[in-house]
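**Student:** Listed below, chain by chain, are the residues.
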Amino acid sequence: MIKAARDTLLQAYPNAPWRSQVQVIGVFAVGLVTIAMLAGLYLVVSVQAATLGREIQDIQTDILEVQRQNASLATRLAELTSAAVMENRALDLGFLPATDYTREYLPVPGYVPRQPVVLAPPPGMAVASGTAFPLELNQTLFEWLAERVRSANFESAQDAGE
Amino acid sequence: MIQHWRLSTIALSFTVAGLMILVKLAEIQVAGPDRDYLLRQSDLYSGTWITVYPSRGHIYDRWGNLLAGNVAVYQIGLDLQAVTDPAGIAYAVSLITGDEYDRVYRIASQDPSPEVRFPIVTDYVPYDQVQQLDNLRRTLASLENRSEKQPIKSLHGLIFTPHLTRSYPEGDLGSNVLGFFSRNGQGYFGVEEQYDELLSGKPTRVWVPEDPYLVEDLPDIPPGADIVLTIDREIQEMVEDILDNAVTRNGAEAGTIIVLDPRTGEILSMATFPRIDPNEYWESGEMISGTTPFNPAVSNAYEPGSVYKILTMAAALDDGAVDLDTIFRDEGRIEVGGAVIRNWNLGAWGEQDMLGCLQHSLNVCLAWIATRLGPGTFYDYMSDFGLGHATGVDLAGEVPGRLKLPGDWDWYPADLATNSFGQGVSVTPLQMAIAAAALANDGEIMAPRILRSLVNNGHQYNPPPQLIATPIEAETARTITMLLAASLENEASTALVPGYRLAGKTGTAEIPTPFGYTSNVTNVSFVGWGPVDDPQFVVYVWLEKPTSSIWGSIVAAPIFSAVVERLVLLMNIPPDDIRLGAAAP
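Residue numbers (this note's numbering), protein chains in the order written: chain A, 1 to 162; chain B, 1 to 585.
In short, the hints are calculated from the structure, not lab data. Ideal Cβ positions, reconstructed from N, Cα and C, are used throughout, including at glycine. Please note that a few of the clues may not be correct.
What the hints assert, rightly or not - Going by beta-carbon spacing under 7 Å, a handful of chain B positions derived as facing chain A:
#	residue
1	Arg106
2	Ser167
3	Glu237
4	Leu569
Said to hold, decoys possible - To be clear about the criterion: a stretch of chain B counts as covered by chain A if any three or more of its residues have a C-beta under 8 Å from a C-beta of chain A, and this derived list gives those stretches:
#	segment
5	8 to 17
6	70 to 78
7	170 to 183
8	458 to 465
To be verified - Here's a subset of chain A near chain B, in silico, CB distances under 7 Å, partners left out:
#	residue
9	Gly31
10	Val45
11	Ala49
12	Ala74
13	Ala83
14	Gly94
15	Ala98
16	Val117
17	Ala120
18	Trp144
19	Ser151
Okay, chain B solo, but in the shape it has when bound:
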């Protein structure tokens, strides 16, 4: 009987204890004050939210050569709780990665705390260096196991975390066009900035549970869109090579050469000097800080000088203000709006037809032509050529230049005369090349573009060429092309290339200062296209402040010739006799 009582008591105790546990369990999980806190804590430790960044889209040239890709690099961190030899870690990391020993040692010798448990030592370490560190760590670990003595160095606690970073396999080739992708995760300048959103793709936050039962398929995060440029790598390299040599040889401060296809507006090459290596963009502070334009081809507006005369002449011929047989008697000076205009050599050239005016690049003649057009017509034409507003090219940082118009506070009647030969008006190299492309393409201006294709989600989209303006008639364009071709041939210009008939014009522009055109240095340029019967390229050459000569005919024209001589090979354009012979029935 006594035994039965004891058993009952024990059973009751266990039952009560079990019930109490159940009640407490229910209180904690259902209605307890700590319920939310505990749930949060459990969530915190049940997995991790990670942001998956899609790999940045590649950039290719028109033939599929990779211009911008990605490469795996490593972040080196530490698990402070596992670190046993801070000095050894500091020594190895500084030796292999070049980091400062004291800084690494300071990080590695910290005591682990809830705030600092996994500090980052360095980042963007290339694979081969991480491989060296890892091998060293393994070797030391194996020695540690074999040796009974303690003082062997140890790299315990090192953590290598891989990630992708931008890489430009062609180095500085076309860097002014590409821009760069910075380590803060943003594209700057050029295509990288213009198409940053497309290239980046959409980062996605993903919950990665610690519980293996809850593992889920990582979502398929598509990479950023790939971009195919209109740039031709071989042409770009050739043009950069010629430009670099030309700038050095002529003692110029900077230079730009643009090659484009006037039929489509596609930019085949856009070379500038100086330019940066986007793999080490931080080394080029001056260009990035903005004191020097990153891409002068679209960001640097300057007075173009005599190359502008082709536009004035085209406008006058198209308007009928003059024709090819119009004779102008050049007396060496003309007064317009109170300003006296003189020729480049201060001479009087006598009677000249329109070919002579262009061939001898007579300021007085062009100023006279502009007065025949009148300000309204003249500026309408110039605006139609795209001057004074951005071309809309898909490159970051384009500036519109400045075309003063009648009615502007700073426009004077004398501007009509000076503008007619390219002074007092500012344009970017691309604007000038595009305006010239109208003359090469039967009067039609195609929208300049750098994007040839966009590849996204397995689809390739090829935007078609777009006509944006027709400032002059096709016949006028062909006439001015013939005029310029004859002009080069009559002058036996150094711009000529044997076997090819080309049209073009030199430019020598004085540089304005706060006190007027008082500088004794110039900017020189040349714009040309060919073959004249079927123009397939426009080449624009611009050099800033050359010291070898102040004349475009001496400095810029030979550069144009050198470019075209190689360009026709790379574009597979046979000499005129072969091409026209093959085309003949």
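Bound-form chain A, shown alone:
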């Protein structure tokens, strides 16, 4: 059987040698296109990863900047509400310091006096922790591809199940 096919090919070659060349070129072209596609895909993903990396660096810089601004604003707020400023504002508004003669005391049942400050969050409050990066940013290209293939298989299996 194989011998017959080979004889046919050998017989055809002298008649139309370009067929065989077209075959070889075709196979080569298919390989080239496949490699180009893979390279293109790799390039696209790489560029995306690099871009995301830079964006992450930018975001980290932004976070630090926001933290600095936050600190500055908290301090500025404290300046604007400092004891001396508040006293001057009260005086400007026509208030006077309370004295022994201007005060009145009223018994208020159940009155709870001012309590010292509590700065920590209440116990049991969940504090966000862990990495800020999505999982895919910690994967290699092949891990990412494998996961996509797995999830595609899983989805098609589900569709088949329905």
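Use these hints to put chain B onto chain A, whose structure you have.
**Tutor:** The following block gives chain B in isolation, referenced to the frame of chain A:
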């Protein structure tokens, strides 16, 4: 055939060349002599090690008012390779930041070199000034693009690097307690030094790669711990206000007022004069260099004078050496250990009970009481009151004072007499206030403290009050409190505050010189507490060398009254009749 030979030669050449490249590659990367050097070089340029300093913890007063925070400032640097107009940069920077033109120009006009590529021009520039510079840079850059002529100024090469620095929004309020955080990254004095490590957090070195594929999440570096003080901002401000006026009005050199809660040892206010603005600590060289104590309340030991008599009397009553009805016949002098002791007015006051001895502040009587106690008992009591050793308050720079004891090389029997009325013994204002707090708190001394809470990693820790000593019985403490209250009322003292029954004692201390007590100036003081049925505060007032009068009763007592008059409002303590009426069933 010839063609085939040529092709083979070319193919062989390429193969050999490829192999040579591979061999060289392997040699460089695996076994070459330059391998380590090249690896180091590649590491050097593949990223940067940076040290991330956590933001310094905040300091709050007991109600959460920010006393010490952080603010963003900028370091201005240059990229010398990008600088095109050194004169323009020098002009703009000196105009906006106030830096010296010549210095900036010298830096900006350097030629870039591997050693000097990014020089620093100035640091700690506030945001608004950097904003002005940045706006100017943008404006000039836009003009540069539009204009075809060249001579437009340019600020190319300026680099602004932000970082945080310490800021004290209340200015000099409580600066003696807070201390300051210097630009060399260390806390000095007060809370900033005492809790420097906690406030600073832990700096972490982080590798930041240039390769975007290797970017990693920056580690979550927790900020330094926040600290809540026992200080009450409103009380502190009120007390500082009164102290500043009192020092000026009385021509004194310095002053201290301490307000504390005897039940917990919490320091509600610790005001001193003079004090610095920690935002510009470098302007106060004298206090920082140590010639003047930064916080005299804990760092300045002096002879307290007559306020000390309350301790001698408390010891004698507690020991049973005297009781309230003991009569002393004052002849105006007493000789102890070869030294003759006289009263403040050099007079003889005749028969006096213990109330009279305190009320008239009789040195002779107190010296006699000390002799009845004897040196052993007397000094045991004084030591139990905390004198002669540091109180352990959580503030940097505390000194222990000096209580000479029998057996010390410089102790003489006459010291027993002089010590009994507060001469020849040195104490800090805080030591005196804490000792008095024992009388106000049923004989118990609570550890003085400035830290109310520590907030770290999302948890708030509130250290409980600690009892450190019980030098006298509760009954003795109440007795001496009643004695002192009666003493003030009998004298119609200027320390009294209408509506509140208070206990207290004046002090006038001579100042020792190398030649004895030859100075004609004094230190004056007053220690008091109230309300006597339920003491909630102890106030200690001390003024150094007032020129308006040498007497504590004239200078210090009215200051105490002024403080208490406002203090009871800020602490929400109603007058006795209302408070006791409301408490009655």
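**Student:** Please go over all the hints and tell whether each is borne out by the structure.
**Tutor:** Okay, the hints, checked on the actual structure:
no.: 1; hint: Arg106; in the structure: violated (30 Å)
no.: 2; hint: Ser167; in the structure: holds (5 Å)
no.: 3; hint: Glu237; in the structure: holds (4 Å)
no.: 4; hint: Leu569; in the structure: holds (5 Å)
no.: 5; hint: 8 to 17; in the structure: violated (count 0)
no.: 6; hint: 70 to 78; in the structure: holds (count 3)
no.: 7; hint: 170 to 183; in the structure: holds (count 3)
no.: 8; hint: 458 to 465; in the structure: holds (count 3)
no.: 9; hint: Gly31; in the structure: violated (21 Å)
no.: 10; hint: Val45; in the structure: violated (11 Å)
no.: 11; hint: Ala49; in the structure: holds (6 Å)
no.: 12; hint: Ala74; in the structure: holds (6 Å)
no.: 13; hint: Ala83; in the structure: holds (4 Å)
no.: 14; hint: Gly94; in the structure: violated (19 Å)
no.: 15; hint: Ala98; in the structure: holds (5 Å)
no.: 16; hint: Val117; in the structure: holds (3 Å)
no.: 17; hint: Ala120; in the structure: holds (4 Å)
no.: 18; hint: Trp144; in the structure: violated (13 Å)
no.: 19; hint: Ser151; in the structure: violated (24 Å)
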